[in-house]
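Participant: One-letter residues, chain by chain:
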Amino acid sequence: MASKFTRSNRIGWLMAGPAAFLIAVFVVLPFIFAVGLSFTNQRLISPNPTQFVGLANYEQLLGLGLLTLEPERDAAGQLARDDAGAPKYPALRGYTRNNPDYPQFAGMREWFSFQQGDSRTYVLARDVVFMKAIVNTFVFVLVVAPVQAGLALVLALLINQRLRGINLFRAIYFMPVVVSIVVVSLLWRFIYDGNSGLLNNLLGALSFGAFPKVDWLGNPSTALGAIIAMSIWQAVGFHMVIWLSGLQTISPTLYEAAAIEGSSRWQVFRYVTWPGLRNTAVLILIVITMQAFALFSQIDVMTGGGPLDSTQTVVFQAVERGYGKQDISGGSTISVILFVIVLSISLLQRWLTREKN
Amino acid sequence: MSKIVFLTGALLGTMLSASGAFAQTTLSMWYHGAGSEQEVKILNEITADFNASQSDWKVELQAFPQAAYNDSVVAGALAGNLPDIIDVDGPVMPNWAWSGYLQPLAIDESKIANFLPGTKGIWNGKLYSIGLWDAAVSLVTRKSILDELGLRQPTLEQPWTKDEFMDALAKAKASGKYDYALDLGTASTGEWYPYAFSPFLQSFGGDMIDRTTYTTAEGVLNGDKAIAFGNWWQSLFADGYAEATQDPAARDAGFNSGKYAFSWNGNWAALGTLAAFDDVLFLPAPDFGNGPKIGAASWQFGVSAKSAHPDGASKFIEFALQDKYLAAYSNGIGLIPATATAAAMTENYKAGGKLAVFYDLSAKQALVRPVTPGYVVAAKVFEKALADIAKGADVGATLDAAVDEINADIQKNGNYGF
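Residue numbers (the working numbering), protein chains in the order written: chain A, 1 to 357; chain B, 1 to 418.
These are calculated hints, taken from the structure and not from any lab test.
Accuracy of the hints is not assured; some may be wrong.
Derived DSBU-like pairs: lysine-lysine, alpha-carbon spacing no greater than 35 Å straight-line [said to hold, decoys possible]:
id : chain 1 : residue 1 : chain 2 : residue 2
1  : B       : 364       : A       : 325
2  : B       : 162       : B       : 41
3  : A       : 213       : B       : 259
4  : B       : 143       : B       : 173
5  : A       : 213       : B       : 162
6  : B       : 41        : B       : 364
7  : B       : 177       : A       : 213
8  : A       : 88        : B       : 391
9  : B       : 173       : A       : 213
10 : A       : 325       : B       : 354
11 : B       : 350       : A       : 325
12 : B       : 143       : A       : 213
13 : A       : 325       : B       : 315
14 : A       : 325       : B       : 162
15 : B       : 162       : B       : 354
16 : B       : 111       : B       : 350
17 : B       : 126       : B       : 111
18 : B       : 41        : B       : 111
19 : B       : 350       : B       : 324
20 : A       : 325       : B       : 306
21 : A       : 325       : B       : 120
Extracted from the complex, chain A is given alone in its bound form (with noise of 0.2 Å):
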């Protein structure tokens, strides 16, 4: 293999060349300045000399505390209940800040806690911000690689016929694609909007009035499913098209054999058309991947990170910190956290879809 790719390929090197190349310069180089500078305090612009910090950035990124608290008791040893009639705790504060019996507390604060009998466990984290964006990242991901994949399949299939005018619906359903997500987000904040929005009016009409109005994007419980709808509507003609090149490399011959075996649809999709599908599936599964954890001009059009972090992700973090805060170092310690994450799960699928053989 290896001598093969190395000689007689000559013309195959002089055309990948000019790609190779802009991805080194523009991917590959900042990639490895950017893990050298995780190790050091570099700041956008500062007079002040860059230094060697270590693991510095990855502990104040990654730090994470247990904490578990026995509820306040009175004088009689009765539980202190508050109006609501809950055991009522100390107040966290007194253990993260100038605490010097929990050095290991100081900074942190509280991520969630969970109830243990009487006793309260809290998960504290050096940055809840940066752990709210993995998780929100993460629910990201989960929903639209699944639903947009699925939905793409099923407009594919639906416009991969033979009937007059197909095309005008192929180019409406990949319309969104060609427009700029920003210019979409803008869009949708409109559609969003929490008084007089296109989506508020719509369901309002079609209840009767029953229906309250949302503020879609001001609500920390609707805020990322919104731009998770957004975002599956906006790239879903994509990957659609590519569904579609998918379908029309398979045999009519296929489907030929499978219609005199007197197969109904459904066999037909099952045994000829999915296995046929195999590869292109892999490869949307890859780079919706790919593209949902990279989820940051939504967010920053939309809603910057709020209400309440509901909507912060890890890039939109990694821009905000090393841009916004002039904070480079801590950018680029995120941009590494996300690429071993990324890196990992795409091993991982490509594991889970090898070919069993």
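Dock chain B against the given chain A, drawing on the hints supplied.
Facilitator: Relative to chain A, chain B alone:
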């Protein structure tokens, strides 16, 4: 439209320079107001006048949208591509001076002796930037609203107390005539939050950074007074006096169309409100216990550190500081002219003018934002903290986290030289 104005300005400049001498050295200039036709038009007039007034220098203007301006300057500085003259927002100036984008101005001190204090960008004892105008914020309402709700009209000498202010909001809400009692402008992001809302915190007795040392926010941004401020801030939204998510269109036109009883807004929006109603009042900020406060300092002109022609750049800025241009800016967009003599030349700020009250507000209540290179990061942290608290986040924990982030940034930067 602004593009056309820009083109005409550029053409005009070219023609003038062609008719003048051909030995002019070009000075490039960046400006933040690409979205504002009036601003660019006035600045084009100044550059055209300057280019025609002498034969050594020719200023070429490039305007950016405000939202992208600061990023463009930072990117320009990184790439070593800054123009000769840049304009800079007052509180950001120390950061740019400290980072080495700006150099001290070589301007005759006597020319700015009578300028408003908020217009002078002084860092480490040196003048880095100078503004043609200042800006001020007031509580905008109408005389008829105060009368209808039975409220005392506050004065500069005797502003509303916190209780009077909350009483006014409660009455406005109870009247049922308004969508919300108070328009805070939460739709505007970025610098508006620290500019407009940190004075509330300072009036409560807290601050964004401890100004005695400039090396920590502990105790001032998360002390008892700051927590009292945070609880009050949260109650504005929880009690339905103001909206935490605001439609930008409601911010632009809401008060003028009667959606709100009160609006916390700057003097740059005052001309539109004056056109909408004939009984507009610009009330001073309420006193939350530590004196009434509003923010000071607006956009100012400076010379970039890498400029090869600082003498020419300073000459241009000196030229722009003439009273007639100060007055032109004020008449065009309602800003506070930097000198009293220029104010006398304007329609709205001369004695008895409709906006003259802003001059007094600036003089009496204005407090500059913390003068430190760390302000840029502190402002972002402050904005996020306030947005989170408005949405219901725990006040104490949010302010603690903000303090930690500001302090970590100060440490990472070796205390920013303090």
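Participant: Okay, which hints does this one fail, numbers in order?
Facilitator: When the structure is compared with the hints, numbers 2, 10, 11 turn out to be violated.
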